[in-house]
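> So the protein sequences, as listed, match chains A and B. Those letters in the first sequence? Residues 273 to 395, by my numbering. Those letters in the second sequence? Residues 145 to 306, by my numbering.
Hints are all accurate, no fakes.
Stretch-level coverage of chain A by chain B, calculated; a stretch enters the list once three of its residues show a Cβ under 8 Å from a Cβ in chain B:
1. 275-281
2. 284-296
3. 305-315
Source of the hints: derived by calculation from the structure; they are not laboratory data. All figures in this text were calculated on a predicted structure; none of them were measured in a lab. The beta-carbon is built from N, C-alpha and C at its ideal position, and this holds for glycine as well.
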Amino acid sequence: MSEQVVRDILVVLLGAGGATFIWTVSRSYIALRDSAESREDRAVARLERYEQTCREQLAWEREWGAYWMLVAGRLRHALASNGIPEPPLPRKPTGPKPAPDETPPTRHRRHRAGSRGGAPEGE
Amino acid sequence: MHRIATTDARLGVLGLTRQSLYLRAALTLAYLCFATSGVLLLVTPEVTVAYDGWGPVLSAFMALGSVLASGGSLTRRWVGEFTGLPLLASAFAVFGIGTVYQAWEVSRLIAAANGLLFAGMVLVMTARWRVALASYRFAHAVALRDRRTEVRGGRGEREGWW
Numbered sequence: 273m274s275e276q277v278v279r280d281i282l283v284v285l286l287g288a289g290g291a292t293f294i295w296t297v298s299r300s301y302i303a304l305r306d307s308a309e310s311r312e313d314r315a316v317a318r319l320e321r322y323e324q325t326c327r328e329q330l331a332w333e334r335e336w337g338a339y340w341m342l343v344a345g346r347l348r349h350a351l352a353s354n355g356i357p358e359p360p361l362p363r364k365p366t367g368p369k370p371a372p373d374e375t376p377p378t379r380h381r382r383h384r385a386g387s388r389g390g391a392p393e394g395e
Numbered sequence: 145m146h147r148i149a150t151t152d153a154r155l156g157v158l159g160l161t162r163q164s165l166y167l168r169a170a171l172t173l174a175y176l177c178f179a180t181s182g183v184l185l186l187v188t189p190e191v192t193v194a195y196d197g198w199g200p201v202l203s204a205f206m207a208l209g210s211v212l213a214s215g216g217s218l219t220r221r222w223v224g225e226f227t228g229l230p231l232l233a234s235a236f237a238v239f240g241i242g243t244v245y246q247a248w249e250v251s252r253l254i255a256a257a258n259g260l261l262f263a264g265m266v267l268v269m270t271a272r273w274r275v276a277l278a279s280y281r282f283a284h285a286v287a288l289r290d291r292r293t294e295v296r297g298g299r300g301e302r303e304g305w306w
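Chain A with its partners taken away, still in its complex shape:
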């Protein structure tokens, strides 16, 4: 085998390694970018579901609050109709109203290897 042939083989091998390197860099960038976008989309979806659940909970509590106010009104009317004095009102709670917690819950999932099957084992 002549020296020139050997050198050609070496150049081809180096070229193949370089081309593969460029391909792996590009694919890694695409995969990491898609993973980041996927995580962002999942976070947005989770926040939207949280907001929807909070709104439903608020509506439910308002409905029941209105119901109990009507029940209390009927009972007051019944007492007043029969001349029964109402019991004294309880004391109002003291202190400032706490600020609402607007932080949505986050799932601080620590990555557990193999918890969902995981990536192939690095053997």
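Chain A is already provided as a structure; the job is to place chain B on it using the hints.
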């Protein structure tokens, strides 16, 4: 998703398996040895003489590929070995062929032994790269699946927001 995961029992404090800890340490040190070798060859003028103008390229491939692979094995990310091992494997292949060619006239047995040694190293690196490729495919497939299912308010996840 970016980690090369193992499923064995864990060491409580470190959060790693004994196997993965040994693999991580051994691979990192091995790649660092290759990187040091590549740097030493890069500053050696004899390499340029032996491989003409491709000597620095060969050394740079070895150094850069080893640094990427050692960073990947140290941080347990598939990206490092995925990008670094092609460079390292091609550098080893070139080294092996060059060594065999130069030693062939001196001693054919030694040339064959050296050639087989480098061929074995190239195959081991190819196998290791294949594992990183599988990790890349898995990570990319999961990311694409999450994006394709109707993520915004859809069935992207089975459990609720809690």
